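Participant: Here the protein sequences come in this chain order: S and V.
At position 403 of the first sequence (counting the first as 1) the number is 403 in this note's numbering, and the numbers step up by one without a gap.
At position 65 of the second sequence (counting the first as 1) the number is 65 in this note's numbering, and the numbers step up by one without a gap.
These are calculated hints, taken from the structure and not from any lab test.
Any given hint might turn out to be false.
Just so you know, same-sequence chains aren't split out, so a pair can sit in one copy or run between any two.
[Unchecked claim] Okay, derived cross-link-like pairs now, DSBU-like style, lysine-lysine, Cα gap no bigger than 35 Å in a straight line:
1. LYS182 <-> LYS95
2. LYS83 <-> LYS238
3. LYS360 <-> LYS218
4. LYS395 <-> LYS369
Predicted model, so just to flag it, every value in this text is computed and none were measured.
Protein chains: 2
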Amino acid sequence: MEKLKGNLLYGQSGGPTSVINASAYGVIERAKKSDQINDIYIMKHGIQGALNEDFYDAKKQSKSNIELLKHTPGSAFGSIRYKLSDYEDDDSDYKRLLEVFKKYNIRYFLYNGGNDSMDTCAKIANYMESLDYDIRVIGIPKTIDNDLPYTDHTPGYGSAAKYIANTVAEIAYDTMAYPIGKVTIVEIMGRHAGWLTAASALANVNGFGPDLIYLPEKPFSLTKFKEEVKTIYSKNKKCLIAVSEGIVNELGEFIFSSSNTMDDFGHSQLGGVAAKLAELITRELKIATRSVELSSSQRAASHFQSLTDVNEAIKVGEKAVELALNNQNNLMVIIKRESNNPYSVNYEGYSLSAIANQEKKMPDRMINKDCNGVTDEFIKYAQPLINGQNKPKFKKGIQLFAKMK
Amino acid sequence: MEKLKGNLLYGQSGGPTSVINASAYGVIERAKKSDQINDIYIMKHGIQGALNEDFYDAKKQSKSNIELLKHTPGSAFGSIRYKLSDYEDDDSDYKRLLEVFKKYNIRYFLYNGGNDSMDTCAKIANYMESLDYDIRVIGIPKTIDNDLPYTDHTPGYGSAAKYIANTVAEIAYDTMAYPIGKVTIVEIMGRHAGWLTAASALANVNGFGPDLIYLPEKPFSLTKFKEEVKTIYSKNKKCLIAVSEGIVNELGEFIFSSSNTMDDFGHSQLGGVAAKLAELITRELKIATRSVELSSSQRAASHFQSLTDVNEAIKVGEKAVELALNNQNNLMVIIKRESNNPYSVNYEGYSLSAIANQEKKMPDRMINKDCNGVTDEFIKYAQPLINGQNKPKFKKGIQLFAKMK
Chain S
1 MEKLKGNLLY GQSGGPTSVI NASAYGVIER AKKSDQINDI YIMKHGIQGA LNEDFYDAKK
61 QSKSNIELLK HTPGSAFGSI RYKLSDYEDD DSDYKRLLEV FKKYNIRYFL YNGGNDSMDT
121 CAKIANYMES LDYDIRVIGI PKTIDNDLPY TDHTPGYGSA AKYIANTVAE IAYDTMAYPI
181 GKVTIVEIMG RHAGWLTAAS ALANVNGFGP DLIYLPEKPF SLTKFKEEVK TIYSKNKKCL
241 IAVSEGIVNE LGEFIFSSSN TMDDFGHSQL GGVAAKLAEL ITRELKIATR SVELSSSQRA
301 ASHFQSLTDV NEAIKVGEKA VELALNNQNN LMVIIKRESN NPYSVNYEGY SLSAIANQEK
361 KMPDRMINKD CNGVTDEFIK YAQPLINGQN KPKFKKGIQL FAKMK
Chain V
1 MEKLKGNLLY GQSGGPTSVI NASAYGVIER AKKSDQINDI YIMKHGIQGA LNEDFYDAKK
61 QSKSNIELLK HTPGSAFGSI RYKLSDYEDD DSDYKRLLEV FKKYNIRYFL YNGGNDSMDT
121 CAKIANYMES LDYDIRVIGI PKTIDNDLPY TDHTPGYGSA AKYIANTVAE IAYDTMAYPI
181 GKVTIVEIMG RHAGWLTAAS ALANVNGFGP DLIYLPEKPF SLTKFKEEVK TIYSKNKKCL
241 IAVSEGIVNE LGEFIFSSSN TMDDFGHSQL GGVAAKLAEL ITRELKIATR SVELSSSQRA
301 ASHFQSLTDV NEAIKVGEKA VELALNNQNN LMVIIKRESN NPYSVNYEGY SLSAIANQEK
361 KMPDRMINKD CNGVTDEFIK YAQPLINGQN KPKFKKGIQL FAKMK
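Go ahead and model the full structure; you've got the sequences and the hints to work with.
Facilitator: Here it is in structure tokens:
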């Protein structure tokens with residue numbers, strides 16, 4: 001097969017992670033080395049930038065800004081939540097994309113995102129293939145939620161897990177200050193999958209962690225919850241709970257879903273679970289409580305990235321370029337764990353259409369039988385992902401972030 | 001004057017900071033070097049431990065645990081919120097303390113805390129003096145709130161400020177991900193003083209920070225607030241706000257004081273200001289919002305301590321021992337800033353009774369004239385306090401904390 005030559009287009013989509021820009025770094029630096037790729041365009045705000053011909057030119061960015069991508073939270077090039085229609089229903093966006101691809105001679109299309117973005121990616125690959133437009137489309141995974149299937153884990157998860165586990169360890173130590181403690185409830189992100197909330201259990205490795213962990217995979221019962229809190233509190237005079245924002249009842253309905261507002265993808269908006277559970281405990285068990293919502297720092301805490309996660313995010317970006325250069329198409333890069341001790345992984349491609357719109361939940365073998373904690377198997381799985389510290393760059397005590405031009 | 005010989009008693013009181021245990025380290029290591037001090041006792045849960053003869057023996061702690069004090073959040077020896085009566089009204093606690101001091105030959109009493117703890121310290125010093133019990137009583141300041149008078153700043157503030165400024169910088173960058181942003185409101189601790197909330201402005205040093213900052217020193221008007229948010233949002237399509245939990249109206253009443261519950265010192269319990277302001281903006285300006293409460297990590301984020309703060313916390317502990325050894329009594333250690341460029345400080349003693357129960361608020365010259373931000377003078381004051389990174393010790397990706405025996 002002849003080597004495909006042309007330009008590369010990369011974009012970011014969905015909620016940021018603290019390492020999505022490290023994948024951008026991997027893409028840019030790897031693409032620069034290839035004689036098949038000339039220009040490296042980056043969409044402003046993902047697919048919206050492609051539709052509007054609104055691009056950054058990666059080769060015009062300063063070396064120091066490119067380096068800073070490894071330490072920059074958010075989406076350095078802008079993100080978007082935009083769901084493409086099926087092209088059988090409405091092909092206007094697709095026609096426009098093809099027009100832009102032809103105009104800029106885009107032969108490599110790399111899209112960095114989660115479940116919804118992989119759907120976008122698969123649709124574009126399929127449409128271009130149906131019209132015989134010669135292009136390589138590769139998805140690059142990222143999500144703090146760790147809920148993409150077929151990959152051992154997702155870039156972004158390790159740093160979020162490290163932040164959550166250490167913050168919970170700090171809160172656990174903090175709650176021991178007074179002779180009579182409180183019931184402390186920490187709310188952790190994760191709409192349908194418990195990976196992030198489960199990561200709080202890693203804190204226990206050092207002796208200070210949550211007593212109870214509630215995940216969205218298992219139905220949450222308020223009666224059982226009160227009993228479990230009461231038992232621990234009467235023994236220890238304190239109780240630390242990690243709870244997922246997405247816990248559901250026996251019917252699969254969100255507990256305390258605060259409203260029926262939906263975001264652009266039709267997901268209902270959650271939050272406030274910890275505060276409401278705390279209210280319940282104070283009212284019914286007459287115990288002092290504190291609720292803590294870890295909030296957006298879980299995806300944005302660039303000051304506390306896992307070095308393992310950063311390095312893997314870079315590799316995943318590089319691998320996407322390599323797959324594309326090797327005439328692979330319609331794939332997402334996945335991480336395969338080769339060994340746990342010493343920890344080592346490989347990178348491969350996996351069919352985008354198999355991945356798109358799928359959610360990987362925690363398997364039963366990682367959740368304890370009382371459904372209020374995790375098993376050793378989860379600890380063995382998650383622990384290697386939080387090792388190592390990526391050191392931020394500082395100016396006047398504040399982290400330096402990339403500023404694209 | 002003859003050299004006083006005997007044992008030392010140290011304790012921690014009030015809300016923890018991420019560096020209070022670094023002061024304990026300073027006290028212990030300095031006291032070990034003195035031939036005037038034999039045993040080093042540490043109260044479990046502050047004054048409660050003294051009343052109950054419940055002590056740790058510092059010399060029996062392992063070297064590695066003592067070293068870890070520099071990296072340990074919370075109160076490694078336990079804290080307490082316990083207000084001593086005036087001894088003219090009820091001297092039972094004081095009589096008991098004298099009994100314990102005599103039994104253990106306590107000749108050095110060092111108490112580490114904030115405003116309320118300095119009150120406790122002053123009362124004990126005065127009582128012991130009134131009965132001619134020969135003892136040196138020295139207060140060691142700590143509070144993330146930075147609201148103790150006569151000291152340039154308090155140990156604990158620098159680390160909290162560093163955490164707040166960098167977290168706000170991360171949130172600021174994160175909010176730029178989407179083409180149309182939200183109004184993001186970050187709630188920051190500080191009951192009566194704006195020092196912590198003001199620290200969010202340090203983020204701007206690197207180009208990403210809050211648009212509006214509201215402090216408890218100036219009356220907060222909902223009407224003015226809505227106008228200011230509207231103006232910024234219509235210009236930038238996003239707006240980032242840092243707001244103190246303690247903002248008050250023209251009458252000095254807390255805005256949205258959620259309930260009338262009081263803590264053990266009669267302070268009313270705050271929280272939820274950001275969420276309520278966000279609700280207001282969504283309802284009245286029809287703009288999407290997000291609220292973030294930085295919560296207990298402000299005082300407990302040992303993973304992100306300011307090295308400047310840690311080193312000063314150690315020095316303040318050492319200085320307390322030195323003042324006591326030099327026959328000083330009834331003083332609190334204060335930090336005096338000698339120069340800003342290069343930053344340098346000295347340590348002195350200052351009358352405890354002048355400090356007790358006083359709150360140092362932000363002066364007008366550090367607040368901008370629109371009362372929605374800070375001046376350069378604040379930045380010059382606060383910036384040097386957040387420099388340098390104290391590196392945590394890790395095991396399996398989780399911070400190691402001291403465990404006292």
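Participant: Taking the hints in turn, state whether each one holds.
Facilitator: A quick look at each hint next to the structure:
no.	hint	in the structure
1	LYS182 <-> LYS95	between (59 Å within a copy, 31 Å between copies)
2	LYS83 <-> LYS238	between (46 Å within a copy, 23 Å between copies)
3	LYS360 <-> LYS218	within (14 Å within a copy, 50 Å between copies)
4	LYS395 <-> LYS369	between (49 Å within a copy, 28 Å between copies)
Checked against the numbered hints above, the structure violates none of them.
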